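**Q** Heads up: the sequence lines are chains F and X, in that order. For the first sequence, the UniProt record's numbering gives the first residue as 1, with consecutive numbering after it. For the second sequence, the UniProt record's numbering gives the first residue as 1, with consecutive numbering after it.
No wet-lab data here; the hints were simulated from the structure. Predicted model, so just to flag it, every value in this text is computed and none were measured. Take the hints with a grain of salt, since some may be wrong.
As the list claims (entries may be wrong) - Below are the DSBU-like pairs computed for lysine-lysine, each with C-alpha atoms no more than 30 angstroms apart in a straight line: (1) Lys187/X to Lys235/X; (2) Lys221/X to Lys184/X; (3) Lys126/X to Lys16/X; (4) Lys235/X to Lys188/X; (5) Lys238/X to Lys188/X; (6) Lys126/X to Lys45/F; (7) Lys16/X to Lys238/X; (8) Lys126/X to Lys179/X; (9) Lys301/F to Lys16/X; (10) Lys211/X to Lys184/X; (11) Lys23/X to Lys301/F; (12) Lys188/X to Lys126/X; (13) Lys126/X to Lys49/F; (14) Lys193/X to Lys221/X; (15) Lys301/F to Lys221/X.
To be verified - In silico negatives: residues of chain X with every beta carbon more than 10 angstroms from chain F: (16) Met29; (17) Arg31; (18) Arg106; (19) Ser149; (20) Val183; (21) Glu231.
Cβ coordinates follow ideal geometry from the N, Cα and C atoms, glycine included.
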Amino acid sequence: MTDLLEPQRPRDAASRAAALADVPLVSPAPTGGIRGILQHRYLLKLLVKREVTARYTGSFLGMLWSYITPLTQFLMYIFIFTLLMGRGGNIEHFAIHVFASIMVVGLFTETVAAGTRSIVRNSALLQKSAMPREMFPFASLLVSIYHLWPEFVILGIALFFTGWAPDLTALVAGVLGYGIIMVFALALAVALSVSQVFLRDTGNIVAVVNNFIRFGVPMMYPYSIVAERFRGHTDLYLANPIADAVLLVQRCFWVPTTSDQKATIAESMPDHLFTRGFVALAGAFVLLVIAQRIFNRFENKMPERL
Amino acid sequence: MTDSIVVENVSKRFTKQYHRTLKQVSVAMMRRQQVTNTFLALDDVSFRVQQGEAIGLMGLNGSGKSTLLKVVQGVMAPDAGSVRTRGRIAGLIATGAGFHPQLTGRENIYLNAAILGMSEAETNRKFDAITAFADIDDFLDSPVGYYSSGMYARLGFAIAIHVDADIFLADEALSVGDKPFKVKCMKKLQEIKDSGVTIFYVSHAAGSVRKICDRVLVLEKGVLGFDGEVEAGIKYVKYDDESEGTDEELGSEI
Ligand SMILES: Nc1ncnc2c1ncn2[C@@H]1O[C@H](COP(=O)(O)OP(=O)(O)OP(=O)(O)O)[C@@H](O)[C@H]1O
Ligand SMILES: [Mg+2]
Numbered sequence: 001m002t003d004l005l006e007p008q009r010p011r012d013a014a015s016r017a018a019a020l021a022d023v024p025l026v027s028p029a030p031t032g033g034i035r036g037i038l039q040h041r042y043l044l045k046l047l048v049k050r051e052v053t054a055r056y057t058g059s060f061l062g063m064l065w066s067y068i069t070p071l072t073q074f075l076m077y078i079f080i081f082t083l084l085m086g087r088g089g090n091i092e093h094f095a096i097h098v099f100a101s102i103m104v105v106g107l108f109t110e111t112v113a114a115g116t117r118s119i120v121r122n123s124a125l126l127q128k129s130a131m132p133r134e135m136f137p138f139a140s141l142l143v144s145i146y147h148l149w150p151e152f153v154i155l156g157i158a159l160f161f162t163g164w165a166p167d168l169t170a171l172v173a174g175v176l177g178y179g180i181i182m183v184f185a186l187a188l189a190v191a192l193s194v195s196q197v198f199l200r201d202t203g204n205i206v207a208v209v210n211n212f213i214r215f216g217v218p219m220m221y222p223y224s225i226v227a228e229r230f231r232g233h234t235d236l237y238l239a240n241p242i243a244d245a246v247l248l249v250q251r252c253f254w255v256p257t258t259s260d261q262k263a264t265i266a267e268s269m270p271d272h273l274f275t276r277g278f279v280a281l282a283g284a285f286v287l288l289v290i291a292q293r294i295f296n297r298f299e300n301k302m303p304e305r306l
Numbered sequence: 001m002t003d004s005i006v007v008e009n010v011s012k013r014f015t016k017q018y019h020r021t022l023k024q025v026s027v028a029m030m031r032r033q034q035v036t037n038t039f040l041a042l043d044d045v046s047f048r049v050q051q052g053e054a055i056g057l058m059g060l061n062g063s064g065k066s067t068l069l070k071v072v073q074g075v076m077a078p079d080a081g082s083v084r085t086r087g088r089i090a091g092l093i094a095t096g097a098g099f100h101p102q103l104t105g106r107e108n109i110y111l112n113a114a115i116l117g118m119s120e121a122e123t124n125r126k127f128d129a130i131t132a133f134a135d136i137d138d139f140l141d142s143p144v145g146y147y148s149s150g151m152y153a154r155l156g157f158a159i160a161i162h163v164d165a166d167i168f169l170a171d172e173a174l175s176v177g178d179k180p181f182k183v184k185c186m187k188k189l190q191e192i193k194d195s196g197v198t199i200f201y202v203s204h205a206a207g208s209v210r211k212i213c214d215r216v217l218v219l220e221k222g223v224l225g226f227d228g229e230v231e232a233g234i235k236y237v238k239y240d241d242e243s244e245g246t247d248e249e250l251g252s253e254i
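Isolated chain F (complex conformation) (with noise of 0.2 angstroms):
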């Protein structure tokens, strides 16, 4: 619990029964919510260490391979899109526009992944004590975004490169994008969560959408072609709000590497890119509280089916 100043605890019965004098009686029912992920820092602190580090346990190069992983994926673009298809011809560092961008939709897919089955996978220890569950969909998101550094720091090496410079506008971007994607992952965690106790389906639909999501963002190819495609009708392209998020991001990352910023924004960024992240991140924000509203609605029918 949050006791700072640990009191002295009673060793007899009477002093026992005089601390506990009072002490209210109340359901040991756990307090859930943010209020109830707070009291729990330390628990959650341990959790997800206990994730980061299962998932190299026993593997001789250790977290380095966190370092190669996505190296070796980033080569694999500049390979591809440079040398291979020559899309790099007409736009510049198409390979940063690639990778920036699954960084960001992977913290998505990985969340609502992980997060989905996180229930499911921690019943021994949900069954083992009282205690907040939206924990455990909460510490899905918290690894996801923990297993990013090493993305970010092979991602700053090819910028600094690329002599990226960028302005205020351009991290406010990334800052509202990455805000999008993990406050909208959270919501699907949450809610997902629960359906996965009660409908084990639920994960094997998550996988399915995450694959159409790869598709239905700018990510492997850039925003102008849909802006040219569906010329007039980009707005339910641009309803979606990962595909803001990744517009977003790729203003942040992207643009401020190529030479003539101004080109690149209006060729392969949509009109009122901010309003669309900030009414999707307001978006996010109530889908939450729904999402957390369901959880509270189905959680207490929830042990008796792990």
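We have chain F; now place chain X with the ligands onto it with these hints.
**A** Same frame as chain F, but now just chain X with the ligands:
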């Protein structure tokens, strides 16, 4: 005396078959079957426990003992009625559950202690006492996945017993420990009892209930069938006559 646990008209309904496949559902619909799929695992259970009392909870397999413990612990919510408790609860429900097989004994001690509500400082302070009690010093840094089931159980018990709780719940906690460990645990339970902790102890072993408890509750198919004296309770579940002999023979006096 103050109330420690107050259970009022608690019922818990379970479903017998949750995850039916598409095939099963469609076959049932075609035959227009309307089988009842639910039952009451706890049926209108009420009782009060005073601070410092040691309760033995007995009953046949499937009578709802573990379910009642989970409801008191707050892990499960009752469908009807209310449960209220006073102070901190530590539970040993399903021994060793919640250990992560890939993590070492050391890491698992920290994780499990945190789950039972201990802070980092508290765990640091009690770490040596826990490992000494579990007596697994040599294996502290090997993954728990390689532990024997007895070692697993010892570690679980050692952690739970070192939580400074006001209510201690134990569900057949000692069934896999060896004899010396069981004796040690009984001594520790007695110590805990003497420090005024409320004990809620599920067991099929009349001997250990006799040793520790001041009062026995008996569940029969979810209904509280008996609440009173230890000897009378043991007689009620009919564990009295053959119990001494078989307990000794089966080595399950705890
Ligand atoms: N999560 C669950 N879902 C459905 N039924 C359950 C669930 N947990 C327990 N039951 C059922 O509820 C009844 C009571 O189970 P419980 O585990 O409380 O029994 P018990 O008294 O602890 O038995 P034992 O002595 O074998 O430990 C049993 O019929 C069991 O099948
Ligand atoms: Mg049981």
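**Q** Please go over all the hints and tell whether each is borne out by the structure.
**A** Going through the hints against the structure:
Taking the CA atoms of lysine 187/X and lysine 235/X, the gap is near 25 angstroms; set against the 30 angstroms cutoff, the hint holds. Among the hinted pairs, lysine 221/X with lysine 184/X is inconsistent with the structure: their alpha-carbon atoms are about 33 angstroms apart, more than 30 angstroms. The suggested pairing of lysine 126/X with lysine 16/X is violated, with an alpha-carbon distance near 42 angstroms, which exceeds 30 angstroms. Restraint check: the Cα-Cα separation between lysine 235/X and lysine 188/X comes to about 27 angstroms, which is no more than 30 angstroms; the hinted pair holds.
Restraint check for lysine 238/X and lysine 188/X: satisfied, since their Cα atoms lie roughly 28 angstroms apart, inside the 30 angstroms limit. The straight-line distance between the Cα atoms of lysine 126/X and lysine 45/F is roughly 20 angstroms, inside the 30 angstroms bound, and the hint therefore holds. For the given pair, lysine 16/X sits about 28 angstroms from lysine 238/X by alpha-carbon distance, which is consistent with the 30 angstroms threshold. Restraint check for lysine 126/X and lysine 179/X: satisfied, since their Cα atoms lie roughly 25 angstroms apart, inside the 30 angstroms limit.
With a CA separation close to 14 angstroms, the supplied pair lysine 301/F and lysine 16/X stays within the 30 angstroms bound. For the given pair, lysine 211/X sits about 14 angstroms from lysine 184/X by alpha-carbon distance, which is consistent with the 30 angstroms threshold. Distance restraint check for lysine 23/X and lysine 301/F: the Cα-Cα separation of roughly 25 angstroms lies within the 30 angstroms cut-off, and the hinted pair is therefore satisfied. Distance check on the hinted pair: lysine 188/X and lysine 126/X sit about 15 angstroms apart at the alpha-carbon level, within 30 angstroms; holds.
Proximity of lysine 126/X to lysine 49/F is assessed by CA-CA distance (about 21 angstroms); at most 30 angstroms being required, the pair is judged to hold. Between the alpha carbons of lysine 193/X and lysine 221/X the distance comes to roughly 29 angstroms, so the proposed pair stays at or under 30 angstroms and holds. With a C-alpha separation of about 21 angstroms, the suggested pair lysine 301/F and lysine 221/X falls inside the 30 angstroms cut-off, and the hint holds. With a least CB separation of 18 angstroms from chain F, methionine 29/X remains clear of the 10 angstroms interface cut-off, as annotated.
Every Cβ of chain F is farther than 10 angstroms from the Cβ of arginine 31/X; the closest lies at roughly 23 angstroms, confirming the non-interface assignment. With a least beta-carbon separation of about 12 angstroms from chain F, arginine 106/X lies farther than 10 angstroms from that chain, consistent with its non-interface assignment. The claim that serine 149/X lies off the interface holds: its Cβ sits roughly 15 angstroms from the closest Cβ of chain F, which is beyond the 10 angstroms cut-off. Even its closest Cβ contact with chain F, about 23 angstroms, leaves valine 183/X beyond 10 angstroms, as expected for a residue assigned away from the interface.
No Cβ of chain F approaches the Cβ of glutamate 231/X within 10 angstroms, the least distance being about 24 angstroms, so the stated non-interface status holds.
Consistency with the previously given hints fails for numbers 2 and 3, ordered from lowest to highest.
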